[in-house]
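Here the protein sequences come in this chain order: W and L. The numbering used here applies: residue 1 is where the first sequence begins, and numbers increase by one. The numbering used here applies: residue 1 is where the second sequence begins, and numbers increase by one.
Just so you know, these hints were derived from the structure itself, not from any lab. Even glycine gets a Cβ: it sits at the ideal position worked out from N, Cα and C. Accuracy of the hints is not assured; some may be wrong.
Restricting the straight-line Cα-Cα distance to at most 20 Å, the calculated cross-link-like pairs of lysine to aspartate or glutamate (DMTMM-like) are [what the hints assert, rightly or not]:
#  : chain 1 : residue 1 : chain 2 : residue 2
1  : L       : Lys156    : L       : Asp109
2  : W       : Lys155    : W       : Glu86
3  : W       : Lys155    : W       : Glu87
4  : W       : Lys155    : W       : Glu74
5  : W       : Lys40     : L       : Glu125
6  : L       : Lys102    : L       : Asp52
7  : L       : Lys156    : W       : Asp9
8  : L       : Lys156    : L       : Asp5
9  : W       : Lys155    : L       : Asp40
10 : W       : Lys155    : L       : Asp5
11 : W       : Lys155    : W       : Glu99
12 : W       : Lys79     : W       : Asp123
13 : W       : Lys155    : L       : Asp72
14 : W       : Lys40     : W       : Asp123
15 : L       : Lys156    : W       : Asp8
16 : L       : Lys102    : L       : Asp74
17 : W       : Lys40     : W       : Glu125
18 : L       : Lys156    : L       : Asp72
Label-pair distances were calculated between CB atoms; the ranges are [stated by the list, open to error]:
#  : chain 1 : residue 1 : chain 2 : residue 2 : range
19 : L       : Thr140    : W       : Ile71     : 22 to 32 Å
20 : W       : Ile143    : L       : Glu125    : 36 to 46 Å
21 : W       : Arg6      : L       : Glu117    : 53 to 63 Å
Just so you have them, the derived chain W footprint on chain L, three or more residues with Cβ under 8 Å [to be verified]:
#  : segment
22 : 3-15
23 : 47-55
24 : 149-156
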Amino acid sequence: MFAAIRPDDWNFPLLLHVLGASLLLGALITALTAQVLAWKREASADILPFARLSFRTLLFVAIPAWFLMRIAAEWVASKGWNDVPEEPAWLGIGYITSEGGGFFLLIATILAGFGVRSLRRSDGERGGTLVRIATVLVIVAVIAFVIATWAMSAKPD
Amino acid sequence: MTFSDWLLALHVLSAFAWVAALVIYAVVVAAGWGLSVPSDVIRMFRVSRVGDALIAIGMMGTIIFGIWLAIDLDAYQVWDGWIITALVLWLVAGAVGGQTGKVYNGARDRARALVDEGRNEPSPELNAMLRSQRGLVLLTLMILVVLALLVVMIYKPGAG
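Take the sequences, apply the hints, and build the full model.
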């Protein structure tokens with residue numbers, strides 16, 4: 001198994017990479033839960049608190065976690081992780097999903113922030129659409145990072 | 001992909017679900033820090049329901065797929081020191097998690113009771129329950145135990 005044969009000095013950056021990735025997925029699921037609750041809007045007073053919680057979670061937890069995951073990945077790579085003649089599929093999946101998911105995360109955070117501002121200024125009348133678009137983008141990011149987690153752990157050829 | 005690869009993937013995904021639950025709880029506790037109106041508290045705790053599902057999936061998945069993996073792979077045995085350490089940490093996490101849940105579920109239940117009584121005004125008692133030092137210490141301990149589990153899983157101390 002890869003874990004059993006990797007050099008010891010890869011462990012710390014790998015720990016940070018896994019920690020960042022798990023925090024990122026946790027933050028995205030937290031934000032998504034709040035966004036879905038805002039979308040359902042069971043009570044009119046629900047939308048702003050849930051939208052605000054979602055935006056703050058994306059901004060203060062998900063984005064720093066993405067950087068931790070990504071920087072630690074490069075740290076591991078710098079130690080020779082990806083020094084292979086032919087890039088394995090799982091490594092390619094990891095790069096594509098982390099970059100793509102990071103892009104969706106950034107756009108979702110910006111839209112969620114503008115959505116919260118509109119909701120606050122209009123007393124909950126405007127801004128709901130922005131929050132809903134952000135919800136869809138976060139769903140895409142969650143799917144991307146779940147696939148990345150599967151690929152990085154199962155390491156398909 | 002081999003069967004062991006699938007077991008490892010499911011084990012890791014379960015661990016991520018567990019961490020996701022802790023992130024949800026931490027965010028709910030942080031968001032609830034300044035709340036005192038019962039209906040606001042009940043609203044915030046609706047987010048934690050997903051955490052309740054994820055922690056059940058995460059804890060069961062890590063133990064089931066983890067033990068299965070240790071049995072399936074020749075390189076590891078269930079009685080290896082680092083696996084025993086992980087099992088002990090898993091049990092500690094379960095115990096601490098149960099206590100943490102009691103503290104915050106108590107605050108949620110109090111908020112529900114206040115709303116049922118028609119007393120939906122700011123409650124210093126409810127705010128004090130949400131800012132409980134015991135709850136905060138237990139949640140921090142839970143996070144540290146899970147972090148220790150992650151360290152054990154990555155470093156595998158004593159593994160050949």
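Mind listing which of the numbered hints don't hold for this structure, in increasing order?
1, 5, 9, 12, 16
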